[in-house]
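**Q** Model the full assembly from the supplied sequences, consistent with the hints where possible.
Those protein sequences? They're chains A, B and C, same order as listed.
Each residue of the first sequence is one higher than the one before, starting from 0 at the first, in numbering that gives the first Met the number 0.
Each residue of the second sequence is one higher than the one before, starting from 0 at the first, in numbering that gives the first Met the number 0.
Each residue of the third sequence is one higher than the one before, starting from 0 at the first, in numbering that gives the first Met the number 0.
Hints may be right or wrong, so weigh each one.
[What the hints assert, rightly or not] As a list, the in silico SDA-like pairs of lysine to any residue whose alpha-carbon atoms are at most 20 Å apart: (1) A:K236 to A:L63; (2) C:K314 to A:D483; (3) A:K314 to C:S192; (4) C:K86 to B:E473; (5) A:K39 to B:K286; (6) B:K30 to C:S192; (7) B:K286 to C:R59; (8) A:K487 to B:A5; (9) B:K286 to C:S192; (10) A:K314 to C:R59; (11) A:K487 to B:E27; (12) B:K30 to A:D483.
Quick caveat, the hints were computed from the structure, so don't treat them as lab data.
Here the structure is a predicted model, which is why all the values come from computation and not from measurement.
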Amino acid sequence: MFGAGAMTNSIPEIRDTELMFVIGSNTTEAHPIIAMEMKKAVHRGAKLIVADPRGIWLSDVADLHLQLKPGTDVALLNGMLHVILHEGLYDADFVAKHTEGLEALMASTVDTTPEWAEEITSVPADSIRQAARMYATTKKAGIYYTLGITEHTHGTDNVYGLANLVAITGHLGVKSAGLNPLRGQNNVQGANDAGASPIYYPGYQRVDNPEAQARFEAGWGVPLSPDPGLDLNIMMKQMGKSIRGLYVMGEDIVLSEPNANRVEEGMNALDFVVVQDIFLNETCRFADVILPAACFAEKDGVFTNSDRRVQRVRKAVNAPGEARADWEIICDISRACGYPMPWYNDPGEVYAEMAALTDQFAGITHERIAAEGGLQWPCTSPDHPGTPTLHEGAPIIGKIGLQPTTYRSSAELPDELYPLLLSTGRTLYHYNSATQTRRAEGANELQPVNFIMMHRRDAKMRGLRHGDAATVRSRRGEIVAKVDVSAKMKSGCVWMPLHFAEANTNRLTNDAGDTTTNTAEYKVCAVTVEAVQSS
Amino acid sequence: MKKKGADRSQILDRLEHHGGLTPGASREIHKETGIPEADIYGVGSFYSLLARPEPKHRVCQGLSCKMAGSDARVAELKAAGTPYEEVSCLGQCDRAPVAIDAQMELVSWGPRGRVSPASADLPINLAGKEDPNWTALAAAKQMGAEAVLHALEASGLQGRGGAGFPAHLKWKSVRSQAETTRYVVVNADEGEPGTFKDREVLLRRPHLMLEGMAIAAWVADAQVAYIYVRGEFSAERRAIEAALAEAAEHVGDLDIRLVNGHGAYICGEETALIEAIEGKRGMPRLKPPYPTVQGLFGMPTLMNNVETLACVPAILHRGGAWFKDCGRNEAGSKLYCISGHVVFPGVYELPLGVSFNELVQAAGGPVGTLKGFSPGGASSGFLPMSLADTPLDFQSLAKVDTMLGSAGVVALNTTVHMAEAAQWQQVFFEDETCGQCAPCRIGCSIQRRAIDSFLKTRDPADLEHVEDVHWEMEAGSICGLGMVASKPLQTAIQHFPEDFGQ
Amino acid sequence: MSESIKLTIDGQSVQISEGQTVLDGARKLGIEVPTLCQDDRVDNAGCCRMCLVEIDGQRRLQPSCAFKATEGMNVQTASNKVEKHRKMLLSFYLADHAIDVDGLPAERGVGNTLRQQAQTYGTGPTLPAIHAPRVARADNNPYIHFDPAACVLCGLCTRYCDEVEAVSAISLAGRGAATTIATADQIGLLESSCELCGGCIAVCPTGAMTEKPSLENVSAKAEQVRSTCNFCGVGCQLDLHVEDDKVVRVTSPPPGTTVNDGNLCVKGRFSYEFIHHKDRLTTPLIRNEAGQLVPTSWSNAIQVAARGLMGVRDKHGTDALGFVSSSRCTGEENYLMQKLSRAAFGTNNCHQCAAT
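**A** This is how it looks when you write it as structure tokens:
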């Protein structure tokens, strides 16, 4: 967004903010250390608006909790836009200087009144009004979001809605403000930055841009394809069709991709699968070759965090047995396949090769990070200090195009057969497919089995009590989970974590993808829940 | 961190309604209020009436009760199988020995104490007729706030809680703050061992205190007044409630809130008292900032002792000069508590600056041959009879390295061994230190152990570090309690070396 | 903020900002004032009394950590009175602390600030141990151990738990000599609101709060390797403590130096068991004719993998291959994976799972 897919601002700026609008992020559990900065801000007196279908830790200390129905974010955001635009609370100066498309946005939000939004979101119109006014009239106001915004079939629209809010209020290029996606994994940012993408080379240089293509062809000494590749969601759906072989590194796709039953069918239909990982994960069941990899403590390199900070990973111990660093294995595979990867002495040389091909990272080296600590891109030359806050002075893309959005419902909503709306996420104690945390004593004592959080009324209707085992079923699969009756849930909505291989929540989730990014709709699908039939 | 809507100031009340800090109470109150359960537990466990809430006799272990035979009463209760706990001074030294029973009502095994005979020339006049005519408040409004402050200044009134700080300065300071939300707090948490004068004001002349409070609130432009009354005071609380019911029509829109203490001597310290009202552990704050600037809920707060406020109506009626002339070296009359070895223990309103000898005469003379006295509560330590003609006022006592404090005077005769008397007082401080800072927390334990072992061994070597430890407690503690908490032992050794084998 | 306040500390002049404390001024001058209960991440409590100094015009010694500096203030941090106080106070603390055979505060594999201060500043008379009746809770949580005998009740752990982590799982409890650090009703941390972030361990100056996993087996001499946490996207910096080729503890770099400001969460601090877990893959495996995975050599595994990938390409075309890269791996590894996909195979079918 605004020309860079990353947090516009820095994590340490959060403590000085005056208002936080946290949407689709259970920050205390998914990003505990960022949450500490938020707590610090609240402690200092900053206002907090939380939009989340569940009651979460942050909503308990929030000034406003907008408890919207899952999947109705666009309506909520358009309701807020309506208030800001039509009450004249927008930053006319910033809008005139740095944006285009105000008229169209104005026109598209004429009818999206808070009352209209209340109908769809079930958030009281007055709260929407209040949130909009608070956000628009506070100078240092930052938006923080994560996968609760993006993992929808309308995820791109959600992000546009937030970007519109930021742009019309001029909350960009200002310290402690901005639009801030909090990244889920240690190196999501870095993997994207490095070009692990079907459409981008490193540094977001498009594969169908002839200049970029020429640059990398020269750098790598081979002709390259200008045709965008398949994204992961499509790859999964094409397995056994156009996709016949996979090389999977450090990813348990059977557990972490949605609609796991279909993923398993697809994996079975592949001709050849290489899996490279540190544990024997679920995906290994389909592998022809399994390559043992080193974990983060056993190798050198860099991770890039949510605020674009490139930081070092350092080898502390030797890898067990014959396990080797992923970078070494890839190089060997490449050579065996006939492409002569250089004989890099260490990952610092790999980074240097990437930096030479990518202007945004050109000033970053392992040596500089060692000397100065993390460096935030853009960092374009050896004497560039890095960029904590993007867009200072003016947006880096010039004019921001305001993007009208229209509310569409999620791909699969509850109906008579599947009456409950399932949303998913991560808990504090486990991490994703949990191959690491489920090997930690403490996390397992706290959360040993998969569970389903539900409202007391929904549980009672089904004869379920707290702690009962329940069968959860969607159109795609079924699993068993322990019932957690919780006051934090809205009636009609249930929530499950994604960490448990033996009861994989992704057997239930929908693989329908966002119309632009194809990111799957993990956050909304329809399920039914019933007591486990004793056999 | 504060959850929105979770109001910590309700913790103590809720714990009281739950019957104290019983297992599970913290979690229940957490569920009701959203306040973190560890905080509730931490607060509840600080206050002895909540931490040990079981119905039982609470037998006073104050100096006067000890001298009057509380040990024998404990032995009787024990023999009878009656549940009991030995507790810090209950402020009933004039009718020692005493206890409070399972219903928190007073049980006295001694005679009723006396007060000065009624006289129109006494500003407070405990034996006088309680006549809540509220004319002082009306007079204050008539003369205006500045004139009230002038009268207060002319009266020379010093705080009667112990520190003796000029009252008009405190009032002026609060009145001059830029912050407009202000509070008045009445410190009715009388707990200094040997002291029971506020008790008599509350029982006999509550409206004087209420009227003084209303005037203070009017001058300070405070909207809310808190009365923090000691948890062990049941009859006193009823007296305040009755007076408050009568006061309603006179105090206009002043919001008056009666807050119960829950068993913590330290809450008599003004910042600890503020913490208690806020629903926290009663641990004194660092000063500065002073409560007049940042007090209750961070706002300017005018806190006065019961007796101080009770002097105000007479000052307004009869003028500051008249009040001032009621005293000798220092201004006004003073409610002196005297107990221990005198014929008629009680509260005597005398010119500020009478000597111990004069006070003993007012109380009907000594019982036996006196060997020493405690001039101003446990915190003042002990003085020998050679100082019995020293004026009992703030400055004169400071000159002999002690203090008037709350004027809780105890007379000790030759039947008392000063090492034992010192031990009783050190036990008190070890029980009542809040535990927040090391000098006081650890120092109290060290001094207690020193006197305990001396009483076992009679070896003066056990006492070799008393002076050093006392020095550090005085130099390093956060609040006034720590500064004086080893005074009894230190002064007993200093003034009665013969009782310490020296 | 402008540095508008000028004060004198030990005869040296220093300019600091309004609202800053005497301790801030001393630190700016490089004057060492000992503290136990001070940490920039929480409000100052001024309760440990180690940092008391003499300030002209103040009757009593004042806590430099909490005392706001004012224009023209004159401060002594090492006057006779201050030095006498420090020695006596350290004597007090020693009377209330687990003591080693050398007569100094015990050390448990982690630094004990009290011990260092006793060595630096000396102590007064040796006072008899008071054996304070502080209770410890029976607690089966796997990570955090509390030893009341090593606790100085500075309250940093409870303030951190309240002000930084904001879960308030622990509080000062009881009163006087019996004051301790407690959960509600002394329940175990797993039953409490604790999120096991271990911040209490990180802020504890004396090692009263320690890590159970490393309680017995860590020497202070473990080598430390600075790295980046491999869980969420915050990018917390870690110091991996290494002994005998094993990661035995994880700590945060000091506050104020990295993005995590001295903080870690339960995963970053404690979830390192996986590194040395017995389930780690230690040898390449290939699937045999019977469909079983069997160990093989690296050279064979590489050959089989390469042949398999090239076989798919040759049979179905290069776009029949998919390369799934990883947000868990390093930037360099992601770079190489997409380079493999693009340069070696000529396909852009390379993606990483940016979801979840």
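**Q** Look at each hint and say if it fits the structure.
**A** Going down the list of hints, with the structure as the test:
Among the hinted pairs, K236 (chain A) with L63 (chain A) is inconsistent with the structure: their alpha-carbon atoms are about 41 Å apart, more than 20 Å. Distance check on the hinted pair: K314 (chain C) and D483 (chain A) sit about 51 Å apart at the alpha-carbon level, beyond 20 Å; violated. Taking the CA atoms of K314 (chain A) and S192 (chain C), the gap is about 35 Å. The hint is violated against a cut of 20 Å. Of the pairs offered as hints, the one joining K86 (chain C) and E473 (chain B) holds, with about 14 Å between alpha carbons and a cut-off of 20 Å not exceeded.
Using a Cα cut-off of 20 Å, the hinted pair K39 (chain A) and K286 (chain B) is violated, with the two alpha carbons roughly 25 Å apart. Of the supplied pair hints, the one linking K30 (chain B) and S192 (chain C) holds, its CA atoms being roughly 13 Å apart against a limit of 20 Å. Proposed proximity of K286 (chain B) and R59 (chain C) is supported: the alpha carbons are some 11 Å apart, at most 20 Å. Restraint check for K487 (chain A) and A5 (chain B): satisfied, since their Cα atoms lie roughly 17 Å apart, inside the 20 Å limit.
A distance of roughly 33 Å separates the Cα atoms of K286 (chain B) and S192 (chain C); the hinted pair therefore is violated under the 20 Å criterion. Restraint check: the Cα-Cα separation between K314 (chain A) and R59 (chain C) comes to about 53 Å, which exceeds 20 Å; the hinted pair is violated. For the hint pairing K487 (chain A) with E27 (chain B), the CA-to-CA distance comes to about 18 Å; that is within 20 Å, so the pair holds. This hinted pair checks out: K30 (chain B) and D483 (chain A) have alpha carbons roughly 17 Å apart, not beyond 20 Å.
Violated hints for the displayed structure, listed by number in ascending order: 1, 2, 3, 5, 9, 10.
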